[in-house]
Amino acid sequence: MVAIVIGGIILLSGNSNRNSMGSDGKNVEIRDGVQYITIDARGGYSPNVSTAKAGIPSKLIVSTNGTYDCSAALVIRSANYQEVLPPTGQTEIDIGTPKAGEPLRGTCGMGMYNFVVNFD
Amino acid sequence: MLKIHLFHVTGTHCPSCKILIEDILQEQNLIDQVTVDLKNETIAVVTKNEQDTNELMQSLGALIKPNGYSLSLEKLAVENKNNDIIWQALPIGLAFLVLFFLLQKSGVLNFGIGGTATPTTSFVIGLVASVSSCLAIVGGLILSISAKISQDNISDKKTIVLFHFGRLAGFAILGGLLGLLGEIIGINFTVSAILGLLASLVMILLGLNLVGILSKNKVTLPAGIFKFFRRIEHQTFAPLLVGLGTFFLPCGFTQSMQIAALSSGSFITGSLIMFSFALGTFPVLAMLSFGSASLAHSKFAPLFFKTAGVVVIGLGTFALLGGLTGLGIIRPLFNI
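These protein sequence lines map, in sequence, to chains A and B. One rule links them: number in this note's numbering = place in the first sequence (from 1) + 1005. One rule links them: number in this note's numbering = place in the second sequence (from 1) + 12.
None of these hints come from the bench; they were simulated from the model. We treat Cβ as the ideally placed atom computed from N, Cα and C, and that holds for glycine.
Sample of chain A residues with no beta-carbon within 10 Å of chain B, all distances over it, derived: (1) V1033; (2) D1037; (3) K1058; (4) K1104; (5) A1105; (6) G1106.
Straight-line Cα separation of at most 25 Å, SDA-like style, residue types lysine to any residue; simulated pairs: (7) A/K1104 to B/L339; (8) B/K117 to B/N347; (9) A/K1104 to B/R343; (10) B/K87 to B/D44; (11) A/K1064 to B/P344; (12) B/K51 to B/E86; (13) A/K1031 to B/N347; (14) A/K1058 to A/R1082; (15) A/K1104 to B/I342; (16) A/K1064 to B/R343; (17) B/K117 to A/V1054; (18) B/K30 to B/L85; (19) A/K1104 to A/V1054; (20) A/K1064 to B/L339; (21) A/K1104 to B/P344; (22) B/K51 to B/D96; (23) B/K117 to A/T1043; (24) A/K1104 to B/I341; (25) A/K1104 to B/G340; (26) A/K1064 to B/N347; (27) B/K77 to B/T59; (28) B/K117 to A/N1032; (29) B/K117 to A/G1071; (30) A/K1058 to B/R343; (31) A/K1104 to A/I1066; (32) A/K1058 to B/P344; (33) A/K1031 to B/G119; (34) B/K117 to A/N1070; (35) B/K117 to A/N1053; (36) A/K1064 to B/G340; (37) A/K1064 to B/F201; (38) B/K117 to A/V1121; (39) B/K117 to A/P1091; (40) B/K117 to A/I1081.
If we strip away everything but chain A, and leave its shape as in the complex, we get (with noise of 0.2 Å):
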């Protein structure tokens, strides 16, 4: 029984290494002056980490493919944004422009998945 806990435990930390992998800045792109920050949503939010570059006018774009779960739940309070996406397409949201050392988060509605972009 305490194996079983303790397997679990390493599993999950081991596991939680697959999500918190940070963006190497492939998410994220700069087109007619305007800052695109790509995040797939299913099953949780990736890249969980990502950086961006701070004050230039931005766009996050949540991408779905086939996504009911919760992170289809999407909250960004600091953006006054939380809405039902669609199961599958890409949701473009507007983030203003961000100042450096204000990261953005975003939550699923139950709060269990969350990603943070990072702002220099």
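Fit chain B to the known structure of chain A by using the hints.
Just chain B now, kept in the frame of chain A:
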């Protein structure tokens, strides 16, 4: 020649135990009268003829043993026994919780479901949702309430049937209304998050009660909610209402389906989508509720109540922290 015998009894965990034991023993020919005193955990038996007390204890004890009760002449040290049970219940409950979170972590449930929502896909999504993290709230609530009413109330099966009926009918009607009226009964995140917080608090309180930390005599302590549940659980209306209320509990899958029902623009389609979804969640939820009811009347009852308590406290805490995160009150603590 009437004779009175007095026995001590263990395993009487609920008010209905009195009725059950008295019913079983009353059927015996040699017995004139049986009175169970739950408070002192004693049974007074009046026999029609002269009986050896020890023999009587053996024969009567055998009759109620299958229901998890035992008789003795001396009062047993029950405290120790209860402590032993919690040490069995704790690892079993934790193992369930670990398995549940491993299942969420595994990503098995994250396969995409393409296409538009039809009753068939809704049913499949319901099946997935019933073992997803939504189980933490809806399932946890059902488990805690079912275990609690089984502990308190002998007509638990009726209550559970009413709950499921309320849920299925409620989803069909509210889904239809979503399709018909659209945004008017729109889904508000904050309202559902607050309901989720309430549900998780109820779960934690009932869980503590099941584990025995909040003993039966002290349940008046967190007055409001407990009183409410104690008062309404015997009525017909309450389980129906709670079943219907699960429509508004926070669950990503439920919310996605509500959007699908909403955009269908028709009462019948919306109703079918939500009903099929609820039907998909039914097997797991039915297993949880009817399973608890039958375990609650078996000899494993004390272990079951404590194990259910541990599981419910774990799920309730998870839902509570998640709800606070969703409302932006606390920073995310976990990302499963």
